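A.B. asks: Spelled out from the first residue to the last, the chains are:
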Amino acid sequence: MAEYTLRVRRQKPEADDRGPAGPYWEDFEVELDPTLSVLDGLLQAKDRQDGSLGVRCSCRAAICGSCGVKINGQSTLACLTQIGEAQERANRLAEKTETAAEGAGNGNQPIVVEPMGNMPVIKDLVTDMESTHWKKIRRVTPWLIDDGNPPERERIVPPETMVDITQTIACIQCGACVSSCLSMEADPEFIGPAALAKAYRFVGDPRDVDTEARLHDLAQDPHGIYDCTHCFSCVDACPKGVAPMDQIMRLRRLAGHDHDIDDRNNGRRHETAFVKIIEKKGTLDESLLLQESYAQGIKGKLKPSKGAIKGLLGSLPTAIRGIRTGKMRSLPKLIPGIHPKLPGDAQDHVKRIYKHAEEHREELNLYISGVEDDPEPSDVVQLTEGGSEVAGASAETTNQNAEERRDS
Amino acid sequence: MRPAVPKHDVLVIGAGLAGQRAALAAAEKGVTVGIISKVHPVRSHSNAAQGGINAALNPGDTWESHAFDTVKGSDYLGDQDAIEIMCREAPNEILHLEHLGVPFHRNEEGKLGTRAFGGASQARTFYVADITGQAIMHVLYEQLMKYSDLIDRYEEYFTTALAIDDDGNCVGAVTRNVRDGSMELFEAKNVILATGGNGQIWKPTTNALICTGDGIAMAYRAGAPLMDMEMIQYHPTTLAGKGFLITEGARGEGAHLLNAKGERFMEKYAPNKMELASRDVVSRAEQTEINEGRGFPDGTVALDITVVPKKRIHEALREIVLVGRDFAGVDITREPIRIKPGNHYTMGGVKTDVNGATSIPGLYAAGECACVSVHGGNRLGANSLLDTLIFGRRAGAHAADRAKRIDWSRPSRAILADEEAKIAEIMKRERATGRRISEIKHELGTTMDKYVAVFRDEEGLTKALETVRRLKEEAKTAYIDDRGTVFNQDILGALELSFMLDSAECTCIAALHRTESRGAQYRTDYPERNDEEWLKHITLTLDGDEPKIGYAPVTITQWQPAERTY
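Chains as they are written, first to last, in the working numbering: chain A, 1 to 408; chain B, 1 to 566.
Rather than coming from a laboratory, the hints here were simulated on the basis of the structure. Quick caveat, the model's predicted, so the values are computed rather than measured. Glycine included, C-beta positions come from ideal geometry on N, C-alpha and C.
To be clear about the criterion: a stretch of chain B counts as covered by chain A if any three or more of its residues have a C-beta under 8 Å from a C-beta of chain A, and this derived list gives those stretches: (1) 35–48; (2) 107–119.
Think about it this way: if two alpha-carbon atoms lie no more than 30 Å apart in a straight line, the pair counts; the simulated DSBU-like pairs of lysine-lysine are: (3) B:146 <-> B:7; (4) B:29 <-> B:146; (5) A:306 <-> A:281; (6) B:7 <-> A:135; (7) B:29 <-> A:135; (8) A:327 <-> A:341; (9) A:280 <-> A:310; (10) B:311 <-> A:355; (11) B:476 <-> B:548; (12) B:422 <-> A:12; (13) B:428 <-> A:12; (14) B:310 <-> B:242; (15) A:351 <-> A:327; (16) A:280 <-> A:301; (17) B:268 <-> B:310; (18) B:261 <-> B:203; (19) A:135 <-> B:146; (20) A:341 <-> A:281; (21) A:276 <-> A:301; (22) B:476 <-> A:12; (23) A:280 <-> A:327.
Rough simulated footprint, nothing fancy, chain B against chain A, three-plus residues with beta-carbon under 8 Å: (24) 6–20; (25) 45–51; (26) 62–76; (27) 137–145; (28) 162–169.
Build out the structure end to end from the sequences listed, making use of the hints.
C.D. replies: Right, here's the structure in full:
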């Protein structure tokens with residue numbers, strides 16, 4: 001048993017004699033075993049101190065997906081987070097930022113619990129998932145579209161395809177990925193990690209006959225697959241190893257590469273340009289990115305299309321903002337040709353990673369690859385070591401990597 | 001646009017597998033359907049069914065074999081006509097689910113593959129890794145979204161009571177919209193209860209916090225008989241303390257049970273089926289080892305999954321890898337995990353016929369809240385998903401047909417006023433006058449787990465019944481903190497507690513009354529099965545303030561009771 005302070009971001013939904021409606025912080029002192037969960041802590045506070053503390057919960061075992069919250073700023077399930085670990089993290093965070101918050105008389109920092117992000121709050125930790133999460137799920141036509149002529153018995157399909165889509169079926173619709181999604185913060189209309197992972201569940205299902213139309217739909221939507229910025233937040237937040245971003249990348253590869261869908265968002269061309277530049281230079285040469293995205297190769301530059309000119313001009317304000325804020329290199333360094341080369345034989349490493357990715361077009365999915373009895377130091381591991389900057393752009397990042405990241 | 005008073009030919013209460021399947025079946029018949037759930041449908045507890053779903057679909061397997069295994073598993077208390085229907089219709093239900101998109105495990109040829117499960121003479125359990133319930137439920141919810149023009153969903157609506165008209169027909173239900181606290185009377189030609197089990201009466205339990213037996217209690221209060229309420233399944237492999245479930249699929253994949261001495265003790269209790277004997281047998285064996293001092297000091301035995309190849313574990317038991325890692329700090333691929341028998345399932349419930357109809361016209365029940373009775377004294381693993389789907393579908397279809405035949409009967413709005421008054425009374429209670437809801441719940445749970453568990457006797461059961469009755473009194477003055485309208489979970493907790501106490505009382509009374517040992521009911525003071533006196537169901541019907549005991553015959557078609565060994 002140990003004592004903890006849960007600092008809960010509460011929201012009073014209606015005014016009453018105790019005060020007006022609105023958000024406020026409240027500390028709850030709880031006492032429980034460190035291996036129990038933050039949810040157990042919240043329920044203890046609710047049971048013993050204030051029954052009006054609002055939190056959705058049911059299974060307590062990370063199956064039902066009810067208790068999505070932010071703990072110390074991280075989107076997760078309250079039932080899946082051990083309170084002892086949450087305490088350590090709270091202390092570490094305070095040390096790092098040197099903003100030791102006041103309160104917490106037990107020598108520890110308070111564990112901060114907030115409602116999920118990117119969603120309106122109904123009451124305390126209860127958010128409105130209907131108007132955000134579920135609306136987006138319905139956006140991706142979330143049911144199997146078959147050929148309308150089911151056989152007498154089951155449909156015969158390659159066994160690994162079922163294992164593959166089981167990874168996204170494992171999604172419990174908790175909303176942790178939506179809560180953590182940085183793209184959605186910038187564009188609330190972004191279809192988002194959960195719904196796109198759900199979309200992959202049908203695209204990857206050989207029994208679904210609408211693959212092409214689904215991919216077109218998701219590629220052409222300005223809030224679709226190319227709206228993801230590759231930040232990995234959803235992969236980190238997902239309690240079930242769904243790795244939504246990986247599924248989005250697989251949708252992109254299927255759309256842009258396999259189905260040759262030239263989207264009007266310039267998403268595919270931008271991605272191709274990005275990948276080529278890294279292959280050639282090892283790091284991103286921003287001076288080339290825009291031109292290559294809109295006007296590929298020498299031919300594209302000599303005879304740019306109307307759309308390319310329009311797109312380039314349209315991107316200029318963004319580029320200027322980028323330079324001003326230091327997000328892009330400053331102007332002199334943007335002159336083509338003086339982009340710094342990688343030191344030593346690093347560039348050869350990058351090329352080897354590319355070669356590996358091209359030769360091993362595996363759908364790297366934990367459900368399929370499993371874990372071998374004697375894990376060998378595989379190429380996959382080298383992939384991550386090769387530099388996270390290229391890993392995302394080059395090809396798939398494995399879920400195995402995602403697991404390792406989470407564990408570490 | 002919804003009409004001012006929500007009105008549906010078929011109103012389904014509860015949106016787990018049974019409820020969703022019933023709603024879809026009714027909608028297929030072209031009637032208007034509404035489905036109400038106190039949580040969002042995908043939060044329902046069917047999610048937690050890990051291992052799979054049984055059907056005799058493999059070449060060489062027969063529905064008769066499946067039915068016999070089920071009859072034997074039930075310790076001959078299951079009604080054989082109902083079991084026959086379930087097992088005959090199982091293969092088509094699996095194929096239907098496959099066609100809807102459930103990604104069932106495939107064998108190398110790409111056909112449906114199976115795993116072994118307890119109490120079964122053949123490997124006939126179809127599965128999706130170890131998230132079978134979740135996978136099926138999410139696919140059914142996809143269908144609810146697809147047919148949203150035919151099926152109205154009321155998500156996060158808590159049902160407080162059933163509406164019965166003057167002729168004794170069930171014609172609707174009263175609900176509280178959790179989101180804004182408004183109360184509504186839903187009108188319906190038929191109501192299907194699919195509210196799940198009541199595992200929260202026990203502590204610990206594998207059941208979710210929402211499993212409070214609401215439908216069982218509402219039907220009982222409306223006058224429908226309950227049946228087999230003494231038959232409570234303790235699952236052989238749950239985590240000590242937290243009560244989380246470790247799927248029977250683990251043993252299906254070959255895992256061993258070991259006592260503290262490292263002995264594979266099932267050799268003594270079930271030399272043929274070993275770990276895959278039926279659940280009541282395995283749970284009793286474990287509890288015997290623990291009681292006789294061969295368990296670990298924390299009152300557990302060990303489940304050794306390390307004997308299963310690692311790749312197979314990661315493919316087929318992934319959820320269990322996570323449960324071990326996240327909730328027990330154990331890497332199940334490398335070391336045994338400590339487990340014990342824990343409350344899991346209620347075989348009993350609202351008595352229904354094979355179409356889900358209860359004794360009240362217009363009221364149906366399906367899934368764990370119902371008692372058809374296909375599980376009798378002990379449910380086989382992977383038969384519960386099947387039960388929810390087969391009888392959910394049958395109830396939905398039957399209720400739809402009935403809706404076409406009958407005219408509307410309006411419920412009296414008095415019941416809405418009654419329910420509003422009940423809630424207002426709870427809201428008004430003074431703090432100082434009573435105990436906290438959570439305290440009563442805790443005492444109920446620990447009492448039931450102590451006395452109404454794997455081994456029972458008259459003394460313990462009597463104590464449990466006395467405690468439950470005292471708690472029922474105390475609950476009448478228990479107070480709540482939340483006086484608000486928006487998402488007031490406190491008031492729902494008070495209503496759930498009163499539902500729980502009703503079914504707990506029935507369970508204690510039935511367990512006391514059955515003076516024999518059969519299936520999950522093991523009386524140390526009556527250790528033998530007694531077919532002469534007890535080959536019958538116990539029913540409980542509300543009479544005044546207390547349940548009145550009655551009996552129902554067991555239907556036997558082709559399998560005469562025989563000695564049960566594994």
